[in-house]
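> One line per chain: the protein sequences are A and B, in this order.
Quick note: the first sequence, position 123, residue 123 per this note's numbering, numbers continuous.
Quick note: the second sequence, position 8, residue 1008 per this note's numbering, numbers continuous.
If you are wondering where the hints come from, they were derived from the structure by calculation, not from laboratory data.
It is possible that part of the hints are untrue.
[As the list claims (entries may be wrong)] What follows is a set of in silico ranges between Cβ atoms, one per label pair, in the way DEER data are often shown:
#1 B:ARG1213 <-> A:GLU52: 40 to 46 angstroms
#2 A:PHE184 <-> B:ALA1205: 30 to 36 angstroms
#3 A:ARG196 <-> B:VAL1029: 49 to 55 angstroms
#4 B:SER1168 <-> A:ARG196: 48 to 54 angstroms
#5 A:GLN163 <-> B:GLN1145: 56 to 62 angstroms
#6 A:LEU37 <-> B:ASP1199: 41 to 47 angstroms
Glycine is no exception: its CB is placed at the ideal position from the N, C-alpha and C atoms.
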Amino acid sequence: MTVSSQAGERTRPRIGSHVFLVVLTLAFLAPVAWAILSAFKPANDIIRHPLEFDPTTFTLDNFVGMFADVPIGHGFLNTAIVLVLKGSITLFFAPLAAYAFAKYEFRFKNLIFGTVLLTLMLPTIVLIIPLLLEMKELGWVNTYQALILPGAIDAFAIFWMRQVIAAVPDELLDAGRVDGCGEFGLYWRIVVPIIRPGLAGLAVLTVMNIYNDFVWPVVVASSEQMATLQVVLSTLASTISGNKIGADYATVTGELLAASSVALVPLLIIFIVLQKHFINGILAGSVKG
Amino acid sequence: MTTTSQLRRARPRGRSAGLPLQRRLAPYVFVAPFVILFLAFGIYPMLFTLRLSFTNWHGAGAAQWVGWDNYLYLLGSPAFWNSLANSAVLWLLIIPFQLVLALTAAILLDNAKLRMRGFYRTAFIVPFVTPLVAIAQIWVVLFDQNYGAINAVLGLVGLPDIGWLTTSEWAKPTLALLFIWKTTGFIIIILLSGLQAIDSSVYEAASLDGAGRLRKVTSITIPLIRRTMMFAVVLQTLAVFQMFAEPYVVTQGGPYSSTTTAGLFLYNHITRGDLGTGAANSFLLVILVMALSLGFVRLLRAKD
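Construct the entire structure; sequences and hints are all you get.
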């Protein structure tokens, strides 16, 4: 799963390789860099001179206006609440269930695990309509429960953690039993410390998925009060022009770029700090897609 | 009769009879939270959709059983086929181009002598970790016909402005570019993991046989990571046919429904309250996506 080390080719890369990689890097970074830098420009300059950047004219006007017009703080708060609660449920219960699948024999084990595998193949969008109806029946539309509980113990997380836990030697568990450790104690004091790298990968993947989740939140909790950050972002243009009577295209664009920049910075920082875990998480996550 | 049932009952007991009660009960306790949530928010709604897809329910009142009507309605509806066609065109615009791009980058990165490998890898992943909705908003500004940076760049080299978001011929490529920008780094990482599993002695042997650089790629690298490539294609196919947030934010499905993808079309049933048809549409989409995935897997097997 590690991406560094071992490389196939041993020839010195040619100049063409570097050109290709540099161009690709620029193409991948330019939109984000352009948006963040432009957000500091006077609104009129963003649309009149989209390619010019003059640091002497940089201003915080777009950010000031955006914080007044867009309930982005509220979006961050809702996302943070969902992130903490849903993330904790995923990180506590998914590896626990995976532990049972990896190290115990019990009735219906294969039936349940087979169903887990089957749901991995199903497109997530299929469940949207029935889940929404279920939320309506429960009176959960526009509530935190609706944002948190469905999908909180993700089938993929179980599938992945089961593989990780299967690698923990049974002898260690037996030794723990001899020492009088309870079944949960075995998990908590022996398994968890060993699988910490896997858990870290699961953690970053979970944070990224919850932070970026959009389809389910926009369907089940699109009210102003419950909107998560991504839902707030999805209606920026109409929110800004609705809150600022007579706002021109330049002002709307400036505030829109300010909001988008503010939204992508937290994840970029986490990514740069925890890069290795991210790449491992993404690789393992690719099993689900 | 009695003997077989006794035997069947005896087997599991024999396996765990000697174990302490705590050890026998523990796994049930550990999987219980998952099983409860899974039944409530996975299995139940799934069965509910299946039933719903045979009714004309609009979200309130009594549901009427309409048999296969929803399915037949969709299969006869040009809008439904249009949504599938849009997704299929997006697939064609995205997958071949992305695969070549990602494979080239992955092969170049799979070279220990390459300087700044770590930097490139980090840079390539940046798009994948940015929130899709934020970047979709940025796309709207970048590709604006009159004020966007993209047309400004085209202007520098003397090309005319393009109505990226306002014409039906350019809206799909604009979304395809967004999707390619967002997910290619992810594909690079997947392909790179496949490349790193190749034993470098294979390349050395080929060098001794006088194989050139391109020859090595076509006759060693690609055959050896075909599985990984096919895996990436299956993942991306699932993603393209579910594409939702991109058209939702960037084009709202327009102009003239040219970017109403299969995923967005499904969502539109919800906003219209036409839930029975939406449920039927969900299942048609599942069948299609499953068939495509199995098709790719079979393609892979046939060549083995």
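> Evaluate each hint against the coordinates.
Cross-check of the supplied hints:
no., hint, result
1, B:ARG1213 <-> A:GLU52: 40 to 46 angstroms, "holds (41 angstroms)"
2, A:PHE184 <-> B:ALA1205: 30 to 36 angstroms, "violated (53 angstroms)"
3, A:ARG196 <-> B:VAL1029: 49 to 55 angstroms, "violated (23 angstroms)"
4, B:SER1168 <-> A:ARG196: 48 to 54 angstroms, "holds (52 angstroms)"
5, A:GLN163 <-> B:GLN1145: 56 to 62 angstroms, "violated (49 angstroms)"
6, A:LEU37 <-> B:ASP1199: 41 to 47 angstroms, "holds (45 angstroms)"
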